[in-house]
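2 protein chains.
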Amino acid sequence: MSGSPSEHAGAVGHHFAAFDRRDWHRPVDRGPLRFAVVGVGTFAKNRALPAISTVEQTETTVFVSNTVSESDPVAREYDIEAVVGYDEFHAGAATDDYDAVYVAAPNAFHREYAESAAKHGKHVLCEKPLATSVADARSMVDACEDAGVTLMTAYRLHVEPATRRTRELVQEGYIGRPVQVHSTFATKLLDGHDDDHWRLDPSIAGGGATIDLGVYPINAIRFLLDEDPVTVQGVTNAWGSAFDRVEEHAAFQLTFPSGVVASCSTTFDGQPDSHLQLVGTDGSISIDSPYGGDVPQEVTVECGDMRMEYTGAPVDDVCEEVAYFANHVLTGRRPGPDGRDGLTDLRVVEAVYDSAENGRRVELDADD
Amino acid sequence: MSGSPSEHAGAVGHHFAAFDRRDWHRPVDRGPLRFAVVGVGTFAKNRALPAISTVEQTETTVFVSNTVSESDPVAREYDIEAVVGYDEFHAGAATDDYDAVYVAAPNAFHREYAESAAKHGKHVLCEKPLATSVADARSMVDACEDAGVTLMTAYRLHVEPATRRTRELVQEGYIGRPVQVHSTFATKLLDGHDDDHWRLDPSIAGGGATIDLGVYPINAIRFLLDEDPVTVQGVTNAWGSAFDRVEEHAAFQLTFPSGVVASCSTTFDGQPDSHLQLVGTDGSISIDSPYGGDVPQEVTVECGDMRMEYTGAPVDDVCEEVAYFANHVLTGRRPGPDGRDGLTDLRVVEAVYDSAENGRRVELDADD
Chain Y
1 MSGSPSEHAG AVGHHFAAFD RRDWHRPVDR GPLRFAVVGV GTFAKNRALP
51 AISTVEQTET TVFVSNTVSE SDPVAREYDI EAVVGYDEFH AGAATDDYDA
101 VYVAAPNAFH REYAESAAKH GKHVLCEKPL ATSVADARSM VDACEDAGVT
151 LMTAYRLHVE PATRRTRELV QEGYIGRPVQ VHSTFATKLL DGHDDDHWRL
201 DPSIAGGGAT IDLGVYPINA IRFLLDEDPV TVQGVTNAWG SAFDRVEEHA
251 AFQLTFPSGV VASCSTTFDG QPDSHLQLVG TDGSISIDSP YGGDVPQEVT
301 VECGDMRMEY TGAPVDDVCE EVAYFANHVL TGRRPGPDGR DGLTDLRVVE
351 AVYDSAENGR RVELDADD
Chain C
1 MSGSPSEHAG AVGHHFAAFD RRDWHRPVDR GPLRFAVVGV GTFAKNRALP
51 AISTVEQTET TVFVSNTVSE SDPVAREYDI EAVVGYDEFH AGAATDDYDA
101 VYVAAPNAFH REYAESAAKH GKHVLCEKPL ATSVADARSM VDACEDAGVT
151 LMTAYRLHVE PATRRTRELV QEGYIGRPVQ VHSTFATKLL DGHDDDHWRL
201 DPSIAGGGAT IDLGVYPINA IRFLLDEDPV TVQGVTNAWG SAFDRVEEHA
251 AFQLTFPSGV VASCSTTFDG QPDSHLQLVG TDGSISIDSP YGGDVPQEVT
301 VECGDMRMEY TGAPVDDVCE EVAYFANHVL TGRRPGPDGR DGLTDLRVVE
351 AVYDSAENGR RVELDADD
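Protein chains in written order, with this note's numbering: chain Y, 1 to 368; chain C, 1 to 368.
Hints are computed from structural coordinates only; laboratory data are not their basis. Any given hint could be a false lead.
If chains are identical, the list can't say which one is meant, so a pair holds when it fits in one copy or spans any two.
Derived lysine to aspartate or glutamate pairs resembling EDC-like cross-links, with alpha carbons at most 16 angstroms apart [claimed, not checked]:
#  : residue 1 : residue 2
1  : Lys-188   : Asp-305
2  : Lys-119   : Asp-146
3  : Lys-119   : Asp-72
4  : Lys-188   : Asp-282
5  : Lys-45    : Glu-77
6  : Lys-188   : Glu-56
7  : Lys-45    : Glu-168
8  : Lys-188   : Asp-273
9  : Lys-45    : Asp-79
10 : Lys-119   : Asp-96
None of the values given here were measured: they were computed from a predicted structure.
Given the sequences, and given the hints that come with them, work out the whole structure.
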């Protein structure tokens, strides 16, 4: 990029003119896509069900739950056709009533629901992390590919305007050659989140802060740079009494084929905050609070002496995610954050754990 | 810390009420401290000489230079008593005319000037990094201790109000227990800094971005946490054609005895910017542009839902540094950023290089 600061500002402003455009959307003449929602907990009730109801091409027709009954107000609110238990789901109950599953159960259960869905010929939208191990994730990917169904990992950042517009700016060279990335994600896991205590159990969560929070910066940076890391090094630790089985804090560095180095940190016990910054030879771009639930869509671009802060209109990113998934399924296209995308993130997570334990930089083989 | 957001804000505000107080100052009945300035280049002319002239207890009486003569306007401007060449300085010329030296020569020459000054019984204020190797730094420390003279590494951040007030807030528990630190320092070395090209020569600079820029976050974080790292891991790389002998970019992680992990990155070719953030269990503190020359003294404190941004009055940090050094020498006290402080930073720098080359986490022995 060259040009005066005002030219830069104009170019960036032009870029943000249609900030929340759904550039991924294609015309659809089918639908609606009928969802079975697996795991009707807080997230499903507060975010997934309202979103599926709001999106034009989708509806929830089946609950997969052992605790919510057909007479439950939430089942009546969404006019659910069937509530099936977990074993019934695996056995193939109500398969005429849904086209896809939204897996919102804890991490360790993702694989079994995704694989049963694939066996029933249903598409899968699965919460992140995709699984609790690389082996499980690979099995899920293979099962869905063999069955010819779509598997999408529910990374909402792929549909958030701040992230998509930032990615375009980077690809078009606004910040020159990317040099370094910095990203953090801190939460207070134990403050009023009784539902989340399964995250302290490695047999259900797969690990601690790295697999639960670290996948956000890992996936965001891979998406923004459009490349995958080749080396990983990290440290993890814990001191809180609740964190005797999973790591409370993690920090890790990823190097990419282009030479970019990303420095990331996550914690289950820090002042809640998230941040992402890309530094390039000619400029930098920051996204404020990219991971914390309701993303404020604030982007700051600096190129030389030009500084521009942009705040886009807020979007419901679960609505965007559901619409994105449905649009790709109904038009026969593969979503960006597919199963392999979630699998790659888990390979990075396992490399962080390996490096943290063994004190070595871990090389990731592209063909692994 | 506990209490309401407004109580928090009040407490922090009270803390910042005398933002730029010189809490390190003690009454002095001696002086002035007369400086021999070694290396009369851009930094000396633009910053050091005006500062020494401004500070009440200091004056410049001698130039040590092979290029600036007594008839030079800058020598006349500061009413210099003697200009001595480098060899003359080592041989003991004009030792009656100065009490201390300000070593502003390139890194590789720090050791010889500091050791000659010690031999002459003169105090030493030496630019950072203290030397180009741990061995050289240790020799300087020993020489000054044996001679009974003060050796201070010129880390201006120790006298910057934003850093000092932040350190107090951390020590008093405003952010709870510190968990993670993030710090970055990016410059464009090759943009209009012809004077700095010695930084591309490892025999003079001692290395690249890590030793030149990385010492800022290393020293700042050690100062703020009041502890030294126990492990170091890092990566370095370069792709610019000018960087065939020193690293252009570096990223490294430091772990501390308390469990804090610091993630740092530096580059010689990135959008100019610097940042430092401490994340604790109860809050966070950020300093904006802590390393970039004129520090804007902007501090942001967040505790739970309370957010406070504070901008202190700007200070000339070279004035503060000179005044701090002189006040400590004239009152017979040891400065905070002494020679051992600069030595510790170089141990971290060498550990980054070791880790970058060997792919291993490096342990630092406290007794090394």
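Each hint, compared with the structure:
When the C-alpha separation of Lys-188 and Asp-305 is checked against a cutoff of 16 angstroms, the pair qualifies only between copies, where the shortest distance is 13 angstroms, while the shortest distance within a copy is 37 angstroms. Only within a single protomer do Lys-119 and Asp-146 lie at most 16 angstroms apart by alpha-carbon distance; the minimum there is 9 angstroms, versus 79 angstroms between protomers. For the homomeric pair Lys-119 and Asp-72, neither the shortest alpha-carbon distance inside one copy (29 angstroms) nor that between copies (87 angstroms) is at most 16 angstroms. Taking identical chains as interchangeable, the C-alpha atoms of Lys-188 and Asp-282 lie at most 16 angstroms apart only when they sit on different chains, with a minimum of 9 angstroms there against 36 angstroms within one chain.
Within a single copy, Lys-45 and Glu-77 get their C-alpha atoms as close as 11 angstroms, which meets the 16 angstroms cut-off; across copies the closest is 75 angstroms, which misses it. Proximity of Lys-188 to Glu-56 under the C-alpha cut-off of 16 angstroms is found in neither arrangement, the shortest distances being 35 angstroms within a copy and 50 angstroms between copies. In this homomeric assembly, Lys-45 and Glu-168 never come within 16 angstroms of each other (Cα to Cα): the closest approach is 33 angstroms inside a single copy and 45 angstroms across copies. In this assembly of identical chains, Lys-188 and Asp-273 lie within 16 angstroms of each other by CA distance solely inside one copy; the values are 10 angstroms within and 29 angstroms between copies.
Proximity of Lys-45 to Asp-79 under the C-alpha cut-off of 16 angstroms is restricted to the intra-copy arrangement: shortest distance 14 angstroms within a copy versus 78 angstroms between copies. Within a single copy, Lys-119 and Asp-96 get their C-alpha atoms as close as 14 angstroms, which meets the 16 angstroms cut-off; across copies the closest is 91 angstroms, which misses it.
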